[in-house]
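Trainee: Okay, here's what each chain looks like letter by letter:
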Amino acid sequence: MSNLDNLYREVIMEHYKNPRNKGLLDDSKYKSIRIKNPSCGDDITMQTLVCDGVIKDCRQVASGCSISVASASVLSEIMIGKTIKEAIELANNFLNMVSNKEYNQALDLEEAEVFNGVKQFPARIKCASIAWVAFKDTLSKE
Amino acid sequence: MNDKIREDFPQIKPGYIYFDTAATSLKPNSVIEAVNMYNRDLSANINRGMYYQSVETTNLYEQSREKVAKFINAKTEEIVFTRGTTSGLNLVASSYGLKYLNQDSEIIISEQEHHSSFLPWQNVAKKTGAKLRFIELDQHGKITIEAFKRVLNDKTKVVVINYISNVLGYINPIKEIVNLAHEFKAIVVVDGAQAIQHIKVDVVDLNIDFFAFSGHKMLGPTGVGILYGKSSYLELLEPIEFGGDMNEDVEKTNSTWKKYPTKFEAGTMPIAGVIGLSKAIEYLENIGFERIEEQTKLLYRYLISELLKIEGIKIYNLYSDTGIVTFNLVNVPSHDAISYYAEKNIALRSGQHCAKLIHDFLEINSSLRATVYFYNSIEEVKTFIDVTKEAVKYFKKIGF
Numbered sequence: 033m034s035n036l037d038n039l040y041r042e043v044i045m046e047h048y049k050n051p052r053n054k055g056l057l058d059d060s061k062y063k064s065i066r067i068k069n070p071s072c073g074d075d076i077t078m079q080t081l082v083c084d085g086v087i088k089d090c091r092q093v094a095s096g097c098s099i100s101v102a103s104a105s106v107l108s109e110i111m112i113g114k115t116i117k118e119a120i121e122l123a124n125n126f127l128n129m130v131s132n133k134e135y136n137q138a139l140d141l142e143e144a145e146v147f148n149g150v151k152q153f154p155a156r157i158k159c160a161s162i163a164w165v166a167f168k169d170t171l172s173k174e
Numbered sequence: 005m006n007d008k009i010r011e012d013f014p015q016i017k018p019g020y021i022y023f024d025t026a027a028t029s030l031k032p033n034s035v036i037e038a039v040n041m042y043n044r045d046l047s048a049n050i051n052r053g054m055y056y057q058s059v060e061t062t063n064l065y066e067q068s069r070e071k072v073a074k075f076i077n078a079k080t081e082e083i084v085f086t087r088g089t090t091s092g093l094n095l096v097a098s099s100y101g102l103k104y105l106n107q108d109s110e111i112i113i114s115e116q117e118h119h120s121s122f123l124p125w126q127n128v129a130k131k132t133g134a135k136l137r138f139i140e141l142d143q144h145g146k147i148t149i150e151a152f153k154r155v156l157n158d159k160t161k162v163v164v165i166n167y168i169s170n171v172l173g174y175i176n177p178i179k180e181i182v183n184l185a186h187e188f189k190a191i192v193v194v195d196g197a198q199a200i201q202h203i204k205v206d207v208v209d210l211n212i213d214f215f216a217f218s219g220h221k222m223l224g225p226t227g228v229g230i231l232y233g234k235s236s237y238l239e240l241l242e243p244i245e246f247g248g249d250m251n252e253d254v255e256k257t258n259s260t261w262k263k264y265p266t267k268f269e270a271g272t273m274p275i276a277g278v279i280g281l282s283k284a285i286e287y288l289e290n291i292g293f294e295r296i297e298e299q300t301k302l303l304y305r306y307l308i309s310e311l312l313k314i315e316g317i318k319i320y321n322l323y324s325d326t327g328i329v330t331f332n333l334v335n336v337p338s339h340d341a342i343s344y345y346a347e348k349n350i351a352l353r354s355g356q357h358c359a360k361l362i363h364d365f366l367e368i369n370s371s372l373r374a375t376v377y378f379y380n381s382i383e384e385v386k387t388f389i390d391v392t393k394e395a396v397k398y399f400k401k402i403g404f
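So the sequence lines, in the order shown, correspond to chains A and B.
Sequential numbering from 33 applies to the first sequence in this note's numbering.
Sequential numbering from 5 applies to the second sequence in this note's numbering.
Check the hints yourself; a few may be wrong.
Here are the computed distance ranges between Cβ atoms for each label pair [as the list claims (entries may be wrong)]:
no., chain 1, residue 1, chain 2, residue 2, range
1, B, E11, A, S71, 44 to 52 angstroms
2, A, S71, B, I36, 26 to 34 angstroms
3, B, I368, A, R66, 18 to 26 angstroms
4, A, R66, B, I244, 31 to 39 angstroms
5, A, S71, B, G271, 24 to 32 angstroms
6, A, M45, B, A151, 37 to 45 angstroms
Think about it this way: if two alpha-carbon atoms lie no more than 25 angstroms apart in a straight line, the pair counts; the simulated SDA-like pairs of lysine to any residue are [claimed, not checked]:
no., chain 1, residue 1, chain 2, residue 2
7, B, K318, A, A155
8, A, K158, B, K360
9, A, K49, A, K61
10, B, K400, A, R52
11, B, K204, B, I149
12, A, K158, B, A346
13, A, K49, B, K397
14, B, K360, A, I157
15, B, K400, A, D84
16, A, K68, B, K397
17, A, K49, B, E347
18, B, K401, A, N35
19, B, K400, A, P154
20, B, K103, B, I244
21, B, K348, A, K68
22, A, K49, A, K158
23, B, K146, A, S34
24, B, K146, B, K131
25, B, K400, A, N35
26, B, K348, A, D84
27, A, K168, A, D84
28, B, K17, A, Q152
29, A, K151, B, A346
30, B, K401, A, K68
31, A, K49, B, Y345
32, B, K360, A, T77
33, A, K168, A, E143
34, A, K49, B, I317
35, A, K49, B, N335
36, B, K401, A, R52
37, A, K158, B, T28
38, B, K400, A, S34
39, A, K151, B, N40
40, A, K68, B, E367
None of these hints come from the bench; they were simulated from the model.
The beta carbon of each residue, even a glycine, is placed where N, CA and C say it ideally should be.
Using the sequences and the hints given, assemble the complete structure.
Mentor: Right under this line is the structure:
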């Protein structure tokens with residue numbers, strides 16, 4: 033058993049190989065944010081459609097390491113149907129969890145919980161976080 | 005001989021393998037002690053005090069300049085201390101490039117360049133309207149004289165080129181490039197960051213116009229670099245930083261500068277770094293470049309021959325001239341692979357190594373880079389190979 037098994041959980045690998053909600057829509061009602069991490073080659077774009085304060089759709093395109101790609105995919109699945117307030121709370125909680133800060137363990141992170149192991153790998157925090165930071169930025173464009 | 009050398013580097017410890025020398029080299033005890041000595045015993049500024057500590061600090065600082073000059077066969081006054089290769093290359097681009105280039109000028113550059121060599125000149129091109137001309141690389145990513153000749157012409161004003169690529173490890177034919185460039189009256193700016201620790205550099209023999217390098221890649225401290233410039237060009241160039249010590253006469257409306265190199269050394273310089281650098285040069289000279297090359301090549305050849313036996317590895321520079329091997333685990337993003345090595349306390353670099361254009365050329369997103377240097381050992385290479393085999397198996401098993 034390698035320590036890395038805490039990082040490369042099955043769910044993560046599954047999302048990496050079959051990313052959900054992949055592909056961007058050319059629709060001005062969607063807000064998009066692209067973040068690149070030039071030091072490692074990650075390139076992630078998150079796209080959201082918000083109606084009446086509720087996230088109706090979330091799309092993503094991600095290339096880079098498995099953690100960053102899977103993170104974008106998991107995020108896109110759990111955010112659809114959430115209100116902006118719920119989504120931001122979840123995103124902040126996730127970002128705190130992966131960066132080993134205090135976070136609300138009672139708040140259900142759903143499938144994103146599998147990124148819990150990232151905190152043991154400080155060099156990978158950024159990989160897990162990029163999609164969530166981009167996602168939050170799309171909401172602030174509202 | 006290697007065990008004795010390894011004792012000089014306190015960073016080398018059992019269970020930790022440092023294969024990231026292309027990012028920064030390890031530092032020997034003599035360098036650490038020189039830096040500590042300055043901070044502990046002197047801690048004075050240069051050129052400013054009449055007291056013993058200040059005079060002694062100034063002496064050591066200037067002796068280091070002499071040492072650097074001899075090391076690359078330059079005149080003492082042609083050695084400008086900087087913050088590192090990046091600031092040296094930026095000084096030339098900002099001071100020479102912005103002033104002397106225009107929309108009729110061409111700058112020859114290559115996709116091999118580190119961002120610190122490429123971006124300052126991309127900026128010059130944008131601001132002056134000068135055109136960037138890229139030397140077409142051959143199939144291995146090498147620069148050939150034939151390809152260089154194809155972009156060289158009467159409009160060429162500056163040739164910007166690395167001596168050794170920080171990703172591919174190739175030694176570029178600098179001397180021939182300089183000769184050809186000078187026929188067209190173009191100046192040649194060489195990024196020596198990866199060369200200075202590997203080969204004997206003679207700026208007179210090479211006839212280079214500007215040559216920049218960093219202390220921390222040649223066993224010296226971080227924060228100090230060197231810009232060599234031919235006297236005639238250093239005379240011509242305006243400083244880009246203004247402040248203490250570089251001025252001669254200061255008036256309300258106009259001021260004058262000291263002679264080079266001092267006019268380029270505004271403010272308090274990284275004094276401890278400069279003093280430490282002198283010891284790094286002594287260390288390199290004591291070992292000698294022949295032995296450095298011999299040991300580095302020995303390790304590199306063993307490393308590459310063993311890597312080639314592993315299925316599931318893609319190597320991008322089979323014919324590196326130095327200790328740099330750039331590779332990927334097939335189907336595994338470099339950032340995932342590097343975590344495996346990190347868990348085993350092996351220091352490598354992953355990503356684009358501040359050289360995106362060469363990754364575009366190789367049609368990859370990122371890569372792993374291992375660098376071996378004279379202070380590494382065959383045993384370390386063996387462990388690295390074992391870990392690489394395990395890593396290939398591990399990533400395959402979990403589904404990559």
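Trainee: Does each hint fit the structure? Answer for all of them.
Mentor: Comparing the hints with the structure gives:
1. B:E11 x A:S71: 44 to 52 angstroms: violated, 34 angstroms
2. A:S71 x B:I36: 26 to 34 angstroms: At 28 angstroms between Cβs, range holds.
3. B:I368 x A:R66: 18 to 26 angstroms: holds, 20 angstroms
4. A:R66 x B:I244: 31 to 39 angstroms: Since the Cβ atoms of R66 (chain A) and I244 (chain B) sit about 33 angstroms apart, the hinted range of 31 to 39 angstroms holds.
5. A:S71 x B:G271: 24 to 32 angstroms: Distance hint for S71 (chain A), G271 (chain B) holds at roughly 29 angstroms.
6. A:M45 x B:A151: 37 to 45 angstroms: holds, 43 angstroms
7. B:K318 x A:A155: With a Cα-Cα distance of about 24 angstroms, the restraint between K318 (chain B) and A155 (chain A) holds, given a limit of 25 angstroms.
8. A:K158 x B:K360: It holds: about 20 angstroms lies between the C-alpha atoms, which stays within 25 angstroms.
9. A:K49 x A:K61: Violated - the C-alpha atoms of K61 (chain A) and K49 (chain A) are around 29 angstroms apart, more than 25 angstroms.
10. B:K400 x A:R52: Roughly 22 angstroms separates the two Cα atoms, so the pair holds.
11. B:K204 x B:I149: holds, 21 angstroms
12. A:K158 x B:A346: holds, 16 angstroms
13. A:K49 x B:K397: Measuring from Cα to Cα gives roughly 18 angstroms; hence the hint holds.
14. B:K360 x A:I157: The given pair, whose Cα atoms are some 23 angstroms apart, holds under the 25 angstroms limit.
15. B:K400 x A:D84: violated, 45 angstroms
16. A:K68 x B:K397: Distance of about 30 angstroms is beyond 25 angstroms: violated.
17. A:K49 x B:E347: holds, 24 angstroms
18. B:K401 x A:N35: holds, 15 angstroms
19. B:K400 x A:P154: holds, 24 angstroms
20. B:K103 x B:I244: The given pair, whose Cα atoms are some 12 angstroms apart, holds under the 25 angstroms limit.
21. B:K348 x A:K68: The hint is violated at about 28 angstroms.
22. A:K49 x A:K158: Judged against 25 angstroms, a Cα distance of about 20 angstroms means the pair holds.
23. B:K146 x A:S34: Given that 25 angstroms is the threshold and the Cα spacing comes to 40 angstroms, the pair is violated.
24. B:K146 x B:K131: Violated, at roughly 29 angstroms.
25. B:K400 x A:N35: OK: K400 (chain B) and N35 (chain A) at ~16 angstroms, within 25 angstroms.
26. B:K348 x A:D84: violated, 50 angstroms
27. A:K168 x A:D84: holds, 17 angstroms
28. B:K17 x A:Q152: Holds, at roughly 23 angstroms.
29. A:K151 x B:A346: holds, 15 angstroms
30. B:K401 x A:K68: At roughly 29 angstroms apart (the allowed maximum being 25 angstroms), K68 (chain A) and K401 (chain B) break the hint.
31. A:K49 x B:Y345: Since the Cα atoms of K49 (chain A) and Y345 (chain B) sit roughly 23 angstroms apart, the hinted pair holds (cutoff 25 angstroms).
32. B:K360 x A:T77: With a Cα-Cα distance of about 20 angstroms, the restraint between K360 (chain B) and T77 (chain A) holds, given a limit of 25 angstroms.
33. A:K168 x A:E143: holds, 18 angstroms
34. A:K49 x B:I317: Measuring from Cα to Cα gives roughly 20 angstroms; hence the hint holds.
35. A:K49 x B:N335: holds, 11 angstroms
36. B:K401 x A:R52: Distance ~23 angstroms between K401 (chain B) and R52 (chain A) Cα, so the pair holds.
37. A:K158 x B:T28: Holds, because 23 angstroms separates the two Cα atoms, which is no more than 25 angstroms.
38. B:K400 x A:S34: Measuring from Cα to Cα gives roughly 14 angstroms; hence the hint holds.
39. A:K151 x B:N40: violated, 36 angstroms
40. A:K68 x B:E367: Holds, because 17 angstroms separates the two Cα atoms, which is no more than 25 angstroms.
In summary, the structure is inconsistent with hints 1, 9, 15, 16, 21, 23, 24, 26, 30 and 39 from the numbered list given earlier, while agreeing with the others.
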